[in-house]
Amino acid sequence: MAVRAAPARPEVDREATPWRRLSLGTAGGVLLFGLVLPWLLVRLDIGNFLVVLLILFFMQAVVAQSWNLIMGYGGIYSFAQVALFAIGGWTTGVLAHSLGWNPFASILFAPVVATAAALLIGLPTLRLRGTYVVLLTLAFHELTRVFAITGPRFISGGGYGLTIVPGFPLGNVSNDQRLIFLYYIAMVIFAIATFVIWRVIYSPLGVAVTALRDSETYGVSRGINQFRVRLLLFAISAFFTGLAGGYMTHYSTGISTSVFDLSRLIDLLAMIVIGGWGTFMGPILGAGIVIGLDQALEGIGDYRALAEGLIVALIAVFAPQGLWPALRGIYDRFLGPEPAEPQLAAEAEADSSAGG
Amino acid sequence: MHNTQLVQAVWGGVLFGSVYGLMALGLTLVWGAVRLLNLAHGAIFIVGAYTAYWVVSTLHMPILVALPAGVLVAAIFAALMHVLFIRPVIGKPGFDNATLVATVGLSISVSAAVLIIFNPEYKVVPPVLSGSQNVVGVQITNQGLLVIATSLALFALVYLFLTYSRQGMAIRAVSQQRDAASLMAIPVVRTYGVVIAISGALAGLAGVLLSPFFFLNPSSGFNPMIQALIVTIFGGLGSVRGALVAGFVLGLFESFVEVYLGVAWALPGVFLLIILMLIVRPNGLFGIGEVRRL
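Which chain is which? The protein sequence lines are A and B, in order. My numbering puts the first residue of the first sequence at 164, with every later residue one more than the last. My numbering puts the first residue of the second sequence at 67, with every later residue one more than the last.
Hints are not guaranteed to be accurate.
These stretches of chain B come out as covered by chain A in the derived footprint (C-beta under 8 Å, 3 or more residues) [said to hold, decoys possible]:
1. 173-182
2. 247-261
3. 280-289
4. 338-351
Over 12 Å on every C-beta distance to chain B, these chain A residues come out as not near it, computed from the model [unchecked claim]:
5. Leu200
6. Gly293
7. Val309
8. Val436
9. Ala468
Derived by calculation from the structure, the hints in this document are not laboratory data. Just so we're clear, the structure is a prediction, and the values are computed from it rather than from any experiment. Note that the Cβ used here is the ideal one computed from N, Cα and C, for glycine as well.
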């Protein structure tokens, strides 16, 4: 009796849809861990400090991921990230401070205005390439900085920024609880941003920009509208950057013009470069490392920026892949499951190492 | 009264235009030959300026000794940058990424180092020439006249160097067709080094000559670099003539806006002008159809 062959069903490409491999248990477990963690931490002596660090980590990781989305994946050399962060921060700050809005309402406008600003700057610049984008976004950064310092008083606060923005109204709770609620808000923003960016990277949009980055001629000849794709990516990136800016304004109940300092820029760049340029996990890992090192190296003060700049330059030149691909390689070699189709895996490896 | 404003605007425009041109000249040379967007150009600027400051304040030497010292140290710094950070990635696929990030990292390190060695307080570098003339109520400083003359002379010198000298021809050959130049036995990588060192010397010179007009602090290289980038793009990336013309055009434009509309409008005005320019002529004034290239 002949065995009847099963009808051939097109298999979903698991490499292309990583969220299908994510089991509900894992996701729920991570979420539960994230929810319970602060309650455990605040019982420790330095627990509050650790929770604060985690909040910082969430926000920096959101900004670094958004930047990596356009720089690493999109190949758009934009230096407007800090300016967009500031625009988000100032938007909600002014709404809450000058107009007396509830921070929970005003923060919703932070990403909207940041996205609008990104579209405004993106329309003339994203048709151009490389150098022009660097220049115009740097000039935009400077323009925003000058406006924040010398602009009308309700924006500039006399050159110091906004110093008395109301924090999130969390009701009458103890300090510990307040911190934990702030942590939850940060975690939710981080989780949403990370998930959306993850999906975007593997969506047709993400594949299109990666194709354009690797071979523009090929991408364009396959019918990708380069300008539209890049503008969309830029807007998504600005959305989460602005949201993070808005959160940080209410978290620290103010936003100072020192956000425009170049050291902020190098911090973010260091997260991307150290973690791994153009990889999904890279900026998250990098954010953790940079924030951790920041605390460990607190004592060396001014030397920190010096060291950070040099490390970034050295990694960019001598180990452009960053840490995440290296860790991933070690994991795959010693701990990971045997690759089912060695050829495919090798190809994927070659692809991912070619980028960036 | 009107005359005073007009003379003020023209004088400021010509002065700053010539300096922007000088800074942009270095950037455009490096871009044209090496295809490198040097975001450490502002850092080289302050390396030159602080060296001159150190020679004057600590060694108690006259500024005429400090000037060549600043230029030399800036050139050496640029050459070192080439050897350590640019040369290893020449010809590799990630050249654009790597050099962009590396030069940003370097420029931040330089600011931090300057902050540690000196301090954040504003420094003053003495002018090479003191004294001034008074033209209808506007102070025309001799230092300013020197800066303008030096800038124009250097443009002429660089032009002659590129056109007639052996090394200059090598640079042009490398920038036009690297592979062909290499087949003609031109040492490509060394030529890159020469261009970067020349560009560094120009930035250092700009730093020493310009710092009497500003107070010097660790981040004062950023603004001249942005202006130079704008000038470079306005004039056309890689074009020496473009850098000269665009330097004066933008300098005068900014100066007139400052005098007649107020300082706050200068940067937005320039920004608007450059965006209009990129819409009308995406390659800049004298650019040669290379928008599609980083």
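Here is how each hint holds up against the structure:
no.	hint	verdict
1	173-182	holds (count 9)
2	247-261	violated (count 0)
3	280-289	holds (count 3)
4	338-351	holds (count 5)
5	Leu200	33 Å, holds
6	Gly293	3 Å, violated
7	Val309	6 Å, violated
8	Val436	6 Å, violated
9	Ala468	4 Å, violated
Hint violations for this structure: numbers 2, 6, 7, 8 and 9, all remaining hints satisfied.
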